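The listed protein sequences correspond, in order, to chains A and B. As numbered in my numbering, residues 1 to 457 make up the first sequence, in order. As numbered in my numbering, residues 1 to 266 make up the second sequence, in order.
There could be a bad hint or two in this list.
Simulated crosslink set (BS3-like; lysine-lysine; CA at most 25 Å straight-line) [stated by the list, open to error]: (1) Lys97/B x Lys437/A; (2) Lys209/B x Lys370/A; (3) Lys258/A x Lys187/B; (4) Lys60/A x Lys188/B; (5) Lys252/B x Lys149/B; (6) Lys96/B x Lys270/A; (7) Lys188/B x Lys258/A; (8) Lys46/A x Lys187/B; (9) Lys258/A x Lys97/B; (10) Lys328/A x Lys188/B; (11) Lys202/B x Lys258/A; (12) Lys361/A x Lys347/A; (13) Lys437/A x Lys8/B; (14) Lys202/B x Lys370/A; (15) Lys252/A x Lys187/B; (16) Lys60/A x Lys187/B; (17) Lys328/A x Lys202/B; (18) Lys188/B x Lys46/A; (19) Lys41/A x Lys188/B; (20) Lys188/B x Lys252/A; (21) Lys184/B x Lys60/A; (22) Lys138/A x Lys209/B; (23) Lys96/B x Lys258/A; (24) Lys138/A x Lys184/B; (25) Lys328/A x Lys209/B.
Quick caveat, the hints were computed from the structure, so don't treat them as lab data. Since this is a predicted model, take the numbers as computed values, not measurements.
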Amino acid sequence: MIQIVQQLAFVAAIGFTGYLVTKRATFIYKNIFLGKDVEIKGDQQKRLGNMFRLAFGQQKMFDRPLVGLMHFAVYAGFLLINIEVLEIVLDGITGQHRIFANVIPSSIYHFIVSFFEIMALAVTVSCFIFLIRRNALKIPRFHMEEMKGWPYRDANIILYAEIILMTMLFSMNASDAVLQQMGNEHYPIVGTFVISQFLAPLFSGLSETALVAVERTAWWVHILGIFAFSVYITYSKHLHIFLAFPNTYFAKMEPKGKMENMESVTNEVKIMLGMPVENTDQGDSDEMPTFGAKDVQDLTWRNVMNAYSCTECGRCTSQCPANITGKKLSPRKVMMDVRDRAEEIGKNRDANGGTFQDDGKMLYGDYISKEELMACTSCNACAEACPINIDPLGIILEMRRYVAMEESGTPQEWNMVFQNIENNQAPWAFAASDRFKWGEELRTQEVKKSDTDNIKA
Amino acid sequence: MTDTNFLKVPTMAEMVEQGKHPEVLFWVGCAGSYDDRYKRVITAFVKILNEVNVNFAVLGPEESCTGDPARRAGNEFLFQMQAMQNIEVLNAYEIKKIVTACPHCFNTIKNEYPALGGNYDVVHHSEFLQGLIDEGKLSVDGGEAFKGKKITFHDSCYLGRANDIYQAPRTVIEALDADLVEMKRCKKNGLCCGAGGAQMFKEPEQGNKDINIERTEEAISTGAEVVAAGCPFCMTMISDGIKNKEKEKDVKVMDLAELVAESKGL
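Given only the sequences and the hints, what does the whole structure look like? Please build it.
Put into structure tokens, the structure is as follows:
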């Protein structure tokens with residue numbers, strides 16, 4: 001009877017988790033596609049290669065080898081222990097215990113579970129070190145303004161959760177081992193495992209009933225914890241464990257210095273210059289084109305996906321020359337702002353029957369200030385630093401376009417530059433007619449041929 | 001041939017008049033045309049071009065800002081106006097290959113003009129100099145000017161991260177027999193001078209330090225006698241930093257072209 005109740009409760013838990021995750025995933029998917037379409041250029045093979053190297057292989061994480069190794073341990077542990085989760089899920093549904101032990105030879109089963117335990121230990125140790133790094137060592141990039149409150153808690157919660165999950169895994173296996181020795185028929189003889197064998201003595205004094213309770217509790221906390229975790233990450237920066245893959249696949253592959261051409265401007269400029277204009281559909285476009293980005297809807301879906309993929313590690317900000325020298329700009333905050341605003345727009349949309357109702361707010365101004373945008377040197381250090389090729393600069397420059405072209409809000413000095421370029425064809429106020437003075441002066445200089453080299457025709 | 005004793009700086013208009021076509025167009029840029037300090041860099045490069053008899057020309061009065069600062073400042077209209085007019089001139093002269101000493105001009109013409117109909121083979125002068133050295137057309141060995149001297153290279157963002165060119169400038173410095181010392185933040189981790197993205201033309205936002213000071217301190221700490229640059233904006237920013245630190249006597253800021261020209265006694 002209790003068995004059946006457990007099985008039903010388990011199936012209900014899976015169903016509920018599936019419902020919540022699907023709901024959140026749909027919400028996030030719709031939010032990402034608030035962004036405009038973007039042409040994905042470049043070779044597919046190379047994109048796959050990037051995904052393999054950067055997301056799967058975490059190549060850029062190894063720029064800092066020790067941290068890279070620990071991060072890889074947590075990630076590999078996460079992936080591989082999922083195979084054990086599959087067994088747990090099957091056990092939960094069927095009411096059996098260690099279902100795989102009946103299917104595969106016991107020596108192999110023993111080896112695999114022991115291997116998982118080693119991974120679990122690596123995860124635990126790494127998470128402890130990460131907690132120390134974050135909370136005791138006070139690494140500056142973890143304690144900046146944008147990390148106050150929820151982002152800081154989010155980072156810690158996930159580390160505590162990982163440690164709890166791994167502890168449950170060990171407790172489960174250790175109490176299981178004692179129960180096997182007692183000859184409890186529900187627990188097939190699979191032997192002790194490499195790590196949990198050292199924990200078994202802790203449980204050996206308990207009665208059989210107490211042991212079953214411990215084992216069952218650990219088992220349930222472990223699997224329910226994993227279910228809760230999978231819902232939690234959709235609200236958390238930890239979404240990167242999935243989105244790192246599409247994010248690296250779709251990342252910009254052209255030279256980092258290249259800015260995308262604005263076709264909407266090209267036609268107008270051609271008209272101004274009296275040049276022939278191709279494919280103008282002026283007749284049916286009743287919408288005035290707006291230039292640049294003031295809100296999430298003006299960005300591309302790749303920009304928004306970037307934002308949802310960001311783990312708030314702050315490598316971008318720690319490399320940003322503006323941030324290093326105390327300016328307000330933080331590329332990480334830009335990414336966090338885009339995500340927060342996308343969430344806000346998404347909630348508004350869903351609350352209003354699928355159509356976003358103007359809430360009097362914008363990404364520009366309410367989240368990202370002009371001061372931040374203006375401080376950027378477009379040096380690409382942020383994009384280079386990101387382990388999963390997020391491009392904060394693309395967003396900053398798109399928002400500057402809004403400031404310049406829609407708001408005419410650029411600093412006075414830049415307005416002077418614009419004027420100089422228009423009038424003198426140079427950013428400085430020098431006469432265009434003097435442009436070749438340097439050459440004319442040079443032509444009067446006598447040639448001094450070096451004595452080490454003869455003229456080569 | 002009475003003019004052989006004078007430096008040749010032919011313009012495209014003059015070339016066409018004589019029925020000639022250059023192998024390569026030297027795109028001078030605004031800094032090279034107007035900034036007194038940077039004119040010396042352009043002079044050095046012209047001397048090198050003369051020395052190795054490169055068949056080159058400049059646009060001269062027909063050259064115009066590429067539009068880079070306007071685009072980075074958000075003014076796409078002005079950028080495209082500039083770009084289209086420049087492309088019209090370049091295409092009319094049937095220009096195929098362009099060399100420039102400015103990484104901003106380089107990036108814009110190379111990466112951004114194609115979308116507006118301007119397709120050229122664009123090289124930065126560091127690559128061009130490396131090419132001349134590799135082909136044996138430009139020999140810098142025997143030049144004692146920088147032998148064993150500590151030189152550090154400041155990566156320009158628009159050459160380095162923007163276009164992944166890290167080796168060419170270093171090859172040129174190494175060819176001088178100089179002792180190339182790297183700053184802690186170099187190559188893909190190089191720290192910006194503070195001028196990119198049109199910052200050159202305005203005061204920085206409120207902060208606790210200027211970016212060029214941060215970078216200059218790092219350059220000085222290498223103990224180098226020369227900070228080599230490959231960008232007019234970097235040159236200005238680092239020079240200002242050196243002045244600010246009152247180190248003008250100990251540390252010189254020089255462009256790659258100046259290093260080569262000086263080592264050859266040009």
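Cross-check of the supplied hints:
no.	hint	in the structure
1	Lys97/B x Lys437/A	24 Å, holds
2	Lys209/B x Lys370/A	20 Å, holds
3	Lys258/A x Lys187/B	19 Å, holds
4	Lys60/A x Lys188/B	12 Å, holds
5	Lys252/B x Lys149/B	12 Å, holds
6	Lys96/B x Lys270/A	23 Å, holds
7	Lys188/B x Lys258/A	17 Å, holds
8	Lys46/A x Lys187/B	23 Å, holds
9	Lys258/A x Lys97/B	19 Å, holds
10	Lys328/A x Lys188/B	24 Å, holds
11	Lys202/B x Lys258/A	23 Å, holds
12	Lys361/A x Lys347/A	14 Å, holds
13	Lys437/A x Lys8/B	14 Å, holds
14	Lys202/B x Lys370/A	14 Å, holds
15	Lys252/A x Lys187/B	20 Å, holds
16	Lys60/A x Lys187/B	15 Å, holds
17	Lys328/A x Lys202/B	16 Å, holds
18	Lys188/B x Lys46/A	21 Å, holds
19	Lys41/A x Lys188/B	23 Å, holds
20	Lys188/B x Lys252/A	17 Å, holds
21	Lys184/B x Lys60/A	18 Å, holds
22	Lys138/A x Lys209/B	23 Å, holds
23	Lys96/B x Lys258/A	20 Å, holds
24	Lys138/A x Lys184/B	23 Å, holds
25	Lys328/A x Lys209/B	12 Å, holds
The earlier numbered hints are all upheld by this structure, with none contradicted.
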